[in-house]
Amino acid sequence: MENLLQQIVNGLVVGSVYALVALGYTMVYGILGLINFAHGDVLMVGALVALQVATLLHKFWPGLHPLLILAISLGVAIPVCMLLGYVMERTAYRRLRNAPRLAPLITAIGVSFLLQTVAMIIWGRNYHSFPPLFPTIPLEPFPGVFITPVQVTILVASATLMVALIMLVNRTPLGRAMRATAENHRVASLMGVDTNKIISTTFILGSGLAAVAGVMHASNYGVAHYSMGFLPGLKAFTAAVLGGIGNLGGAMVGGIVLGLVETIGAGYIEQLSFGLLNSSYQDIFAFVILGIVLIFRPTGLLGERVSDRA
Amino acid sequence: MSITLLEAQSISKRFGGIQALAEVSLTIRKGEIYGLIGPNGAGKTSFFNVLTGAYTPDGGEFVFAGSELPTGKPHEVVARGIARTFQNIRLFREMTALENVMAGHHLRSDSTLWGILLQNRHMREEERLITERAYEMLRYVGIERFANTLSRNLSYGDQRRLEIARALATEPQLLALDEPAAGMNATETAQLRTLIETIRHDGVTVLLIEHDVKLVMGLCDRVAVLDFGKKIAEDVPAVVQRDAAVIEAYLGGGHHAH
Amino acid sequence: MNELAEAIPYLGRHHPKAARALVLGLILLAPVLAASVGNTWVRVLDAALLYVMLALGLNLVVGFAGLLDLGYIAFYAVGAYTWAFLASPHIGVHLPFWAVLPLGAAFAALAGVLLGFPVLRLRGDYLAIVTLGFGEIVRIFMGNLSVTNGPQGINMLDSLSLFGWEISRGLQVTENFKINALVLFYYAFLLFVVGSVVVIRRLQFSRIGRGWAAIRDDELAAKAIGINTRNMKLLAFAMGATFGGVSGGLFGSFQGFVSPESFTLLESIAVLTMVVFGGMGNLGGVIVGAIALSLLPEVLRHIALPLQQALFGKVLLDPEVLRMLLLSLAMIFMMLLRPAGLLPANARYARAEYLHDKQEAA
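Chains as they are written, first to last, in the numbering used here: chain A, 6 to 315; chain B, 635 to 892; chain C, 627 to 988.
Check the hints yourself; a few may be wrong.
Unchecked claim - A partial selection of chain A residues facing chain C, derived with a Cβ cut-off under 8 Å:
(1) L110
(2) L119
(3) L179
(4) A182
(5) N189
(6) V192
(7) G296
Derived by calculation from the structure, the hints in this document are not laboratory data. Here a beta-carbon is modelled for each residue, glycine too, at the ideal position from N, C-alpha and C.
Generate coordinates for the entire structure from the input sequences, incorporating the hints supplied.
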């Protein structure tokens, strides 16, 4: 029982990271109908930039408070990723808006591999251990169930960010313009919305969230490296599809559900498959779920709220 | 001349809260040009899509040439002898005019994978025949000189003709045309009219969905009128034109912007 | 081959015969020329031909039928592991190549249909992601199952052999003249490539090829002219996978060992880049793309490394990084600047000899 409870806690933590990344996928897809394959790699860039900053700070101001280090690294990583998102959209995707349907996706794959390669050039192939910025003593809310301060922070921070994003999209003029653009570019621009600006903003917002998610992911596992973005990216995409792509609430629900299924599934996969499979097969959960959802319920759990015909 | 070719028996179709088709029944006779008209949103295209298998009807059935049509399976409907064109032309853009028509022969050719890999005599003979026939079909609709032009580079009117040629290549008994005159100028419409008459003359029954009431009234042997998913009239053009309900649907009410 | 000849600037247009002779000569003499520089280069050429076969097979799925498959390397893996199971000491079976290759092709085709069935209704981009997942699942299984020896893979695979003569031993022509095994592999692979081109051309100029092109251009219209899109798509997956399976088997025989490492997503993407780079749908383009993108990284490896040593005194970019850089940049810039590829598709779907001569331009 403690075991299950522990896995639920872990699942929630992993899931909320997926949810943050999924938001980026779903916003871009809602507006452009593009699977931004490179989105997972933005997460990686966020994590590695933060790691770089934290390492430098450690070196030059050894006594600096860890929380301050965290704040500064985030303060650098977020704008860097936002800039990256902006540049990606501006230089690559914008030219391809009216291209044949496979061209944007192929480009996005290219961008993803380019980011990984550049990261490999800068940071090498090795795993870097992420500096512990939080107290490492785990809390024990229930007997036998542990949760680290990092995990608590991840849960709180991602919940806050999600609420903020929902408010932004539903309550502000910017959000209204985003929704209008997602519904129909042409009509939105006829109504005076600068759709190019809105699309750029969407990329910037999504990349910012990915940067935060990158730092969370790296702190949670304690490591960062050049290809760390691929799997979370793919899983977050799965989460976005699971919740109904283009649908913000769906992305969050999808992320949490996927995180739970994956961690609980990994704990029980051996029993489920009669000892045939072990937890090294954990990663196939996402793929299998993705396949099943796309094939049997392509609109996801919550359906498509934002039109993807735009 | 009054053998029934197609009988629609109380076809119904809903989309969410909208009743697109409400128990529509109509009969198309062999060898005629049958017009289906109605204001925007009357259910013409829905009828078309249900007939050609793009959608499954919620109720009713089609009897074609004596037996029931499969629903929701476009390729089987074509195999039974109903070919269609699209309101917004849908050609194979990266293929030449000739290849478009050759693709239309897919259904009426039967070379197997092995035949193709071994290039057996049947396959080569069939391929030669398909090429010949495709040229003939292009000549028939009057665009043979564009045989090797990519279909996306054809003029609008020629694209329409090509789409008709491709549909005819499936050797249909019934050719269903979805607003073929849309976007055409007067000359092109006149040419289209001649083409449709030739097609009928050569033994293919034509179902024509049109917005252009003048074209329909001048060309069709009989006309049915849809309004809000219901058939409100079905008769020869002269009678339909004077039908009070039809006049009301087109002129009165003010709910249609056309 | 004519397409390749025509693609040579100037010569192709003005002296088609000379161009064709040049291409043919290059193809036939390539390994000899390469061998005079060093055996590594012959090995590179052999690998390039395997990539050509893979690219031709993937082109059939992506370029002809318009189905973006990001897990294509899985079929290569199926072919290679089939060879490993049936022609190695792993379980002690040593079947001849004419039995193993067709079996590998058949298993790959089966895998293609298994993948194809569930994804029939998916649109382009969703299809891409699901096939990617399929490829990863296959790799994860091969890397973890005990029958495949997990990440260590299987080694000591049999080489290609004919009547008991193994190609890997080379051919002793006279006492002091021996044809190198790598050169022999080149000609063996060349035969397979030529065979593939013949098969693919035949498919292209047929009702099947036109059916695929129709689905690629407009699926709804394809249904409306009576094409059974389900069967045609499954056939495209199966045929594409067949080529993957055969080249996988050849890869196994050539390499002598297989491990999951050879079948990563990067390889799927690399093959896709070759197809895209050369020109989707156009056989000549695909071949050029595959050769260019498999040779270039090797050339870079041999030029860039010494150059870096000389300039900086150390290696900043290792060959694998260079390869990834090259592939990703090729993909991005090709899509942005020349989306139709190096040699844009002028793929035709009717046999030239039946076409009427008059070709008036519109």
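Against the structure, the hints:
| no. | hint | in the structure |
| --- | --- | --- |
| 1 | L110 | holds, 5 Å |
| 2 | L119 | holds, 4 Å |
| 3 | L179 | violated, 27 Å |
| 4 | A182 | violated, 25 Å |
| 5 | N189 | violated, 19 Å |
| 6 | V192 | violated, 23 Å |
| 7 | G296 | holds, 5 Å |
This entry does not satisfy hints 3, 4, 5, 6, going by the numbered hints stated previously.
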